[in-house]
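Engineer: Residues per chain are reported as follows:
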Amino acid sequence: MIALNTAIFKSAQGWLTEIGQYAGVGIERSLHEPMIPPSAAEIDPVSHALNRLTFGPGPGDHARISAMGVNAFIEEQLAPDAIDDSLCDRAIARFSDLWNEPLGEQYDEDPETLPPVLRRVTLLRAIYSERQLFEVMCEFWSDHFNIDPTKGDCRWTKPTDDVRVIRTHALGNFRDMLRASALSPAMLWYLDGRANVKRTPDEKPNENYARELMELHTLGVHGGYTQQDVMEVARCLTGWTIRARKDDGFAGHLLSPFTDHFAVFFRAEAHDNGVKCVLGHEIPAGLGEKDIDHVIEIVATHLSTAHFVARKLCSRFIADDPPAVAVDTVAAAFATSKGDIKTVLRALFATPEFAANCVVKFKRPFHFVVSALRATNASTSADRPILSYLERMGHMPFRYPTPDGYPAAAIHWRTTLLWRWKFALALANNRIGGTSIERARLQRRVGSDSGLMATLLGRTPRAEESDAWLKSGDGLALLLASPAFQRC
Amino acid sequence: MPDETHIFENRDDKRTLVVVFLRGAADGLTLVAPLEDDNYHRFRPRLAVREDEAVALDGFFGLHPNLVALVPAWKDGDLCIIHGAGGESDTRSHFEAQELMEHGGPTAGGWLGRFLRGKKPAQSPLSAVALSPTLPELLSGAPAAAAFESLAEFSLSERRGGSRRSADFPRELRRLYELESDALRDAARNTFDAFARFEAIDPNARPGNAASYDERDSFAHGLRQVAQLIKADVGLDAASVDLGGWDSHFTQKTLIEPLMLRLARGLAAFRQDLGERMATTTVVVMTEFGRRVAENSAFGTDHGRGSAMFVLGGGVKGGRVIGPWPGLKPEMLDGPGDLPVWNNYRDVLAPVLVRHGANTDALGKVFPDFLLKPLPLYS
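Chains as they are written, first to last, in my numbering: chain G, 1 to 488; chain L, 489 to 867.
So here's chain G without its partners, still in its complex pose (with noise of 0.2 Å):
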């Protein structure tokens, strides 16, 4: 009887969700009970867990990750597919369209449509889907390879970008990861690939991509490539292109005005077909569209990317700049997985390193918004004036114009505090259109006010938290403000 009452009252849930969503009014989490806030006065590991693998935690994430201990967590975040995400797909079920189309009719939504939505959703999933490390970890390769939507016709092709490279191998191979990458529309346009070109013995192929390949996606400034290197790379890789909109000299003729915008293809004849040499490994004459395959197996497998890439991911999970003992372990993992992401995470949280670096990390403003959200289990539409106080933050996702993506280190954001306050004030006070909380609800179910600190912190309040609580006229705001909260 009780099942069956659940049952019905799931499905009424979803229904009433699925209006609530269409009517554009945002949903909130399903809670997990019960709701036993931190009870130890510093971060404990669970906690410290919750500040790096998600965007947050919210009301019992800290009692059911307890109950199932941390390792057995992470284990569970890694297999992002076995985890019921039903909350998130409704949340994002009126923009599944656009997601569903096919690349050449994206190109017939206005060039205005695609980017909004793309940041949309992503903030959606960030708030709501319970694949949080896939999340953070979809976050971190749009950062490493970033492509500005703003850029020609990015506009249409970076949404095919985001599903097929980075949600696709997000958690998947390195490798794939890169090959994928290196074949997207959104990045032949974004670093000129599609004008990477030699047709004459004179025409200079377009170095853009082949240069940040190395020195952005896999080897790093210092990896030990050379100015040679990268022209090399290039030669090797001209000829790919895509069929964009309009012809301008260095795309094909359209096949098929309907289906073939964008599509990805080989042009033999700009094609340097001479021998090669990259990094010291020699690929010979004649190889046409196998090139591309050598040029991603030696930078993929070369030993400065396992360590420029795990240097980069310590910086995410460790600290700004990591301890270089993690840093070899996880590049060491890295090369003998030969770029599986999720062997090298595993061995990330493993580290002694990871453990040890509590609170030394400053939430960049996308994951300070999203961890205010979760924690407050506020219900936001994710519409536009929740991003424009992203926008104010100067972290506006998928808006960083060149290819290095947003920085990770703390330095770069630390102006952004006052809008971090002014944030913190509209979101405690129902003051942002399209997203509520529902304070004196959310506090009962925690407790009470130092269950509800307890909740924001991951720990028990200190005397001067809870002071400063009684004190301001305004202790959810403040705690949201604080310097703590700034901190994961």
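It should be emphasised that the hints constitute simulated quantities derived from the structure, not laboratory data. Even glycine gets a Cβ: it sits at the ideal position worked out from N, Cα and C. Check each hint, because a few of them may be wrong.
[As the list claims (entries may be wrong)] FRET-style restraints, in silico, Cβ to Cβ:
id: 1; chain 1: L; residue 1: Glu-576; chain 2: G; residue 2: Arg-245; range: 13 to 23 Å
id: 2; chain 1: G; residue 1: Pro-116; chain 2: L; residue 2: Phe-738; range: 25 to 35 Å
id: 3; chain 1: L; residue 1: Pro-621; chain 2: G; residue 2: Arg-245; range: 21 to 31 Å
id: 4; chain 1: L; residue 1: Ala-640; chain 2: G; residue 2: Pro-116; range: 19 to 29 Å
id: 5; chain 1: G; residue 1: Gly-433; chain 2: L; residue 2: His-737; range: 33 to 43 Å
Once you have looked at the hints, place chain L on chain G.
Structural biologist: For chain L alone, coordinates are given in the frame of chain G:
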């Protein structure tokens, strides 16, 4: 070396760059008319600015009479005009041309955003502002750029129920940050410092030097707020203010004459208000493209190429119209009969950005894939 410095150490850098974008493609040939070019009057029998009504500049060019408020700046050598200015693309689409010009080419992000990000990490939460509902593309990618329509939005003392929030919240917040011992405490001090300066601004204070803004005019109001931020030393590096409505295909005079009045009066009030601070404040006025040289049958003009740009203040060597002006001979016109682009907008912006702290290396990043030939605006 500490990884950041306190805002006070940067107080010496008082330079502010203000970009005024005239959206809709403003007609440079009406703003700054080539009075002595006979072809101008032939192409524009009904719309040309007449010599007897124009404000003479240099014996060849004249300002439209509605721009008369700019004359003191011109006479003081504080206003430089660049004619035949625009982008290299021959798209005559507003959307595409604005985007190209705001991005600084077919690249991602705004040129002003890249300039700001290239500087050392900003000290002030108010280093870049746009007086508009959303962030304009030219500021895209800037660190912590704020878009707002009224400075009142910026306050931490939010109004609630008609009464001002008490000082309890900021005081308690500050107390918590003071307990920190690292860069986070310094960042909070910087922010509170900017706040204090901001909150000291009296929105009703009279502008400096008896300047007078038209308070009903949103453009003038925007400039007035920018001036308030500059004078309050909140650490403002760049500001963006738009003036739209220049797309004059039909009855051009009725459309753009009021706009010219607003533009000139707003800029004149801003300059007077800032007084000596204009030495470190540069205003750049730009538009996505100019308009067809020949007027159309509807007393209007269609989409063209070259227009005019203004550079006001900041030590510019003004009192000059930078051309060249080979004349409006039909065979010299571009495409369907447009004023050619003799001066790429980047070559105007480059020396201004140098003036505001960019080095050669930074310029290459602000304007990638473009061979800069900076105009001699300061000599």
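Engineer: Each hint: holds or not?
Structural biologist: Here is what the structure says about each hint:
Taking the beta carbon of each, Glu-576 of chain L and Arg-245 of chain G are about 20 Å apart, inside 13 to 23 Å as hinted. A C-beta distance of roughly 32 Å is found between Pro-116 of chain G and Phe-738 of chain L, which places it inside the suggested range of 25 to 35 Å. Checked against the hint of 21 to 31 Å, the pair Pro-621 of chain L and Arg-245 of chain G passes, with Cβ atoms roughly 29 Å apart. Between Ala-640 of chain L and Pro-116 of chain G the CB atoms are about 27 Å apart, so this pair conforms to the stated range of 19 to 29 Å.
For the pair Gly-433 of chain G and His-737 of chain L, the beta carbons lie near 36 Å from each other, so the given range of 33 to 43 Å is met.
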